[in-house]
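Protein chains in written order, with my numbering: chain A, 11 to 827; chain B, 4 to 223.
To be clear, the hints were calculated from the coordinates, so they are not data collected in a lab.
This structure is a prediction, so every number in the text was calculated from the model and none was measured.
Glycine included, every Cβ here is placed at the ideal spot set by N, Cα and C.
Check before you lean on any hint, since a few could be wrong.
[What the hints assert, rightly or not] Partial selection, computed: residues in chain B whose CB lies under 10 Å from chain A:
(1) 53
(2) 55
(3) 86
(4) 95
(5) 140
[Claimed, not checked] Computed far set for chain B versus chain A, every beta-carbon distance over 12 Å:
(6) 5
(7) 16
(8) 25
(9) 28
(10) 49
(11) 79
(12) 117
(13) 132
(14) 165
(15) 207
(16) 208
(17) 214
(18) 217
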Amino acid sequence: MKISGLPVIQSYWLMLIATVITIAIVNASQLITQRISLLLDRQASELLAADLVVISNHPFIDDYAREASRIGLQVSTTISLTTAIFIDDDAQLVELKAVDRSYPLRGQLERAADLVGHRTKVNQGPAAGEVWLDSKLFSLLGDTLTIGSLGLRASWLLSYEPDRGGTLFNLAPRILMNLEDLPGTELVVAGSRVEYRLLFAGEQDRIVELTDWLKPRLTEAERIQNLENARPEMRQALERTRKFFALSIVLTLVIAMVAIAITARYTASQEAPKIAMLRAFGISQSRLYRFYAWQLARIWIIATLIGLAAGWFSQFPLQWTLDGWFGKSLPQVFTIRPFLIAAVVGFISLVGFSLPYLVNVIATPPMQVFRHISDPQSVRRKLMVSGVAIASVFLVLVVLMQNSILAIVTLAIVLLVALLLPLIFHLMINLLLSTTLSRFWMRQYLLSRLKTSARGAIFVMSGFSLALLAILLIVVVKNELLDSWQTQLPDDIPNYFLINIPTGKVNGIKQFLDDREVSSSVAYPLVRARMTHINGQAVDTIEFSDPRAHHLARHTFNLSYAEDLPDDNAVVEGEWIDSANTRAQLSVEQGLAKTLRIDLGDTLSFSVGSELFEAPVTNIRSVLWENFKPNFFIIANRQLIEDLPQTWLLSALIKDAQKSDLKQLLSRFPSLTLLDITELMARMRGIVERASIALEFFFIFALASAFIVLLAAIQTGKRERQMESSLLRAMSAKTSQLYRINVLEFTLMGSLVGLFSAMFASLSAWFISDYFFDINYQFSPALWAYSLLSAGLILTIAGILVSRKVYNISPMRILRT
Amino acid sequence: MREVTKTVDTPDGSLDILQNISLNVEYQEALVIKGASGSGKTTLLGLMAGLDNITSGEIELLGQSLSDKTEEQRSAIRAGKVGFVFQSFQLVQGATALQNVMLPLELGGANDAAERALDSLQQVGLGPKKNTLVDLLSGGEQQRVSIARAFAVKPEILFADEPTGNLDAGTGRQIADLMFRLRDQAGTTLILVTHEAELAQRGDRQILIESGCLQNQEQR
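From just these sequences and the hints, can you work out the full model?
Following this line, the structure appears as structure tokens:
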């Protein structure tokens, strides 16, 4: 008997669409994530002026630059040193930076003709013979400055320099000059404290290639700086954004998989009588397996072709949105990896979710199908279906997420919820049924309908709940993330740091700002210190596993002291500094503590010039680096360091109208340095806003999958619903009664789905926000309202659409069964 | 019914399932419709009960014309006056025996549905199993629930389509006994479709349908 001549399974189209969506999601998310990541990296790269930097205190051997050029990367060199220039016979310490014509490789410089004038973005630094000056040195604009042995004309004020310093507060005024002029200054001689930087930019894989090439060759004095270790605030922002991407993709994929699972179950139930009939005719199981394997393969091939194309095309609306907004194209990615991954994930999902159902149906004795009975073996087969489905999810996880702990945890939560939901729905319906009512019609009747396994209502409700849960989670975490950013970066956040304030000038500067109604922060003291020992062991001799730790331990710390815990800081271990207690106390930021393996009670030793001191760590503290407020890795008690050499810093919000006062401020307090962080903040905001647009886009996929889940939900149990309507009609039920029972069935399903989706979404959002995004999740009544309303409304509308047909259902059907 | 014809469209054109059937069923009569599979006997039962509309002819149920009536109107004519017993029981799964019997009563707006349903269940001997889910009952018990449901509304006419078709011979006989006993007690008109000769013998009159045509009638 030629079974391939059987009509194609009618429910295939739903399964096909669900698979197409899965493949499209994976393909698009892989393509888009790569492109967005590249864009985010580039944007963040602008803060390094490159994609990768090697820093050293001695000149580089040529190999590095030559290798970089050989593999097609752009290279730039900068040399920085601290020197003094003379202004009216007073020596002024400046940070001199000599740059070549390629600098900056990422981002742009900004210059201005005077302090309040229009800023112009430029792609190159000063020409030979010129210097650009920090705003603090504005009075020298137009003069010829003597730098070392060379006279250079001060042609512009330097308003913005992308890679200005790894920390914000230890800057002398900057002078930017051309690298060609540096030898003429004769400032770089043997023993000079000079920082050499090699900057690299180019394709990401080339950067990785160079990094791998560089690592074994770097000397003790050389270190790599990339986006990950450049700035704590940027690192935190990028990490959160990437985590959020991973979360959204995995959740969208969950909905798509739910759609495949529901449609596969529906397909198998539709096929069951046909398979039973074929088996009764003597068709072997192996022949049926081959037939359905081929059917699935056909679905996969068609879905792959359509899904990959859909994924590819779906990049473009996002690209247009971002292009319009930022005037910059998303970087292109040319690799077949996203397509391969999408095809493989599609295959695993389709086979993993549908084959077990079909195997189950094929293995069921025909008589059991005809007589609608199940034997104890069917429990084992059901467990097999669940087991294979769970294994498929994990396989997809391995292919797609690799090492993302967030993705693994999210999927674990989803699986847990997927197992819990049917149980909860079952219990809930039983509970409602157990409340004795004298009447059967309509509430009890409705609940009996939902409980009947043949309708698959509980399965459909669980699937729909998971889809809604995933959508709610994307929305909730996105809103939480945006809210937390907006809270940290409100429009009235200080936009200037005033640094290098001598102790005696703090009150004068505060008074100056107050007189002009400029809002400013508390002034923080800064004591520049080097860490020498941890628990008596010299830092130089400690082996750190984290390469970042070496750099951190050796860099100059800006210690501060404070009586009150600064804003957006929280003590995570120990007690905050007791200001009344004169004994030595230190508070250490938790990231630093983790990197340097510092624990509560450890003793840290520091040197400030020739002075040495040590103190125990009395608390570990979390810091919100992205808030752009003065933040410190280490805070001491006042008594410990107040007598050491120190300068002060404060932040201020200087509005455009108040900027004309800056000239006067700098004239009155010449040692003061102003640091404008407006640009830096704008870039940080940009990252979050771009990320949120990209996420809106994933939402469309999530909704498309949810729609398939809905269609499958309507299809599942359709036959049973029609038969029941037919029976009720034979028992003289009115059309209005039929209409109500059908609509109410969907409304009840929607309400239960909405209720439990909201409950699990709240719990999951709390867990994910707290553990992965460091956000304090706020319980949201709106979430419950949205969930209940959306699920209730959508399913009620579906019920109304389905119930329109009850008018046409002939009671004769009941006789024809 | 007078000269009733039922025609359906098939891929090969129109097909007359019933042709020019004229038939009158008396008050409290037990009419048995016999015929081979596919002869049109179930269609005839459905048309007489107003479960479907006829293509041509005239048909009246309980003195009211069913011709040119909508499904809703035909349903209203049936309400509270007609009961059904089906071959495959057609009970609401997930509900108890009592709830199944209450259903048609409540649909008709009865306020004492529970009492009447229980009374009906006791008549079929299932009072002790009133709270048992019908999914857990045997085939014979399920058909008894179905009979209790049909008689609960105190119908003037009972339509039964192969009521013993899904049961073994012994259980089938018990069900037939029960149905006829209740019908005799209530004086209900019975229209019964069967292909079993033994059951057919219990009717007051038998008619034979062949290829959609009424062949002959036998009076007991």
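Hints, verified against the model:
{"no.": "1", "hint": "53", "in the structure": "holds (9 Å)"}
{"no.": "2", "hint": "55", "in the structure": "holds (4 Å)"}
{"no.": "3", "hint": "86", "in the structure": "holds (9 Å)"}
{"no.": "4", "hint": "95", "in the structure": "holds (6 Å)"}
{"no.": "5", "hint": "140", "in the structure": "violated (14 Å)"}
{"no.": "6", "hint": "5", "in the structure": "holds (21 Å)"}
{"no.": "7", "hint": "16", "in the structure": "holds (21 Å)"}
{"no.": "8", "hint": "25", "in the structure": "holds (21 Å)"}
{"no.": "9", "hint": "28", "in the structure": "holds (18 Å)"}
{"no.": "10", "hint": "49", "in the structure": "violated (5 Å)"}
{"no.": "11", "hint": "79", "in the structure": "violated (7 Å)"}
{"no.": "12", "hint": "117", "in the structure": "violated (6 Å)"}
{"no.": "13", "hint": "132", "in the structure": "holds (16 Å)"}
{"no.": "14", "hint": "165", "in the structure": "violated (9 Å)"}
{"no.": "15", "hint": "207", "in the structure": "holds (23 Å)"}
{"no.": "16", "hint": "208", "in the structure": "holds (21 Å)"}
{"no.": "17", "hint": "214", "in the structure": "holds (19 Å)"}
{"no.": "18", "hint": "217", "in the structure": "holds (19 Å)"}
Figure legend: structure checked against the earlier numbered hints; hints not met, in rising order: 5, 10, 11, 12 and 14.
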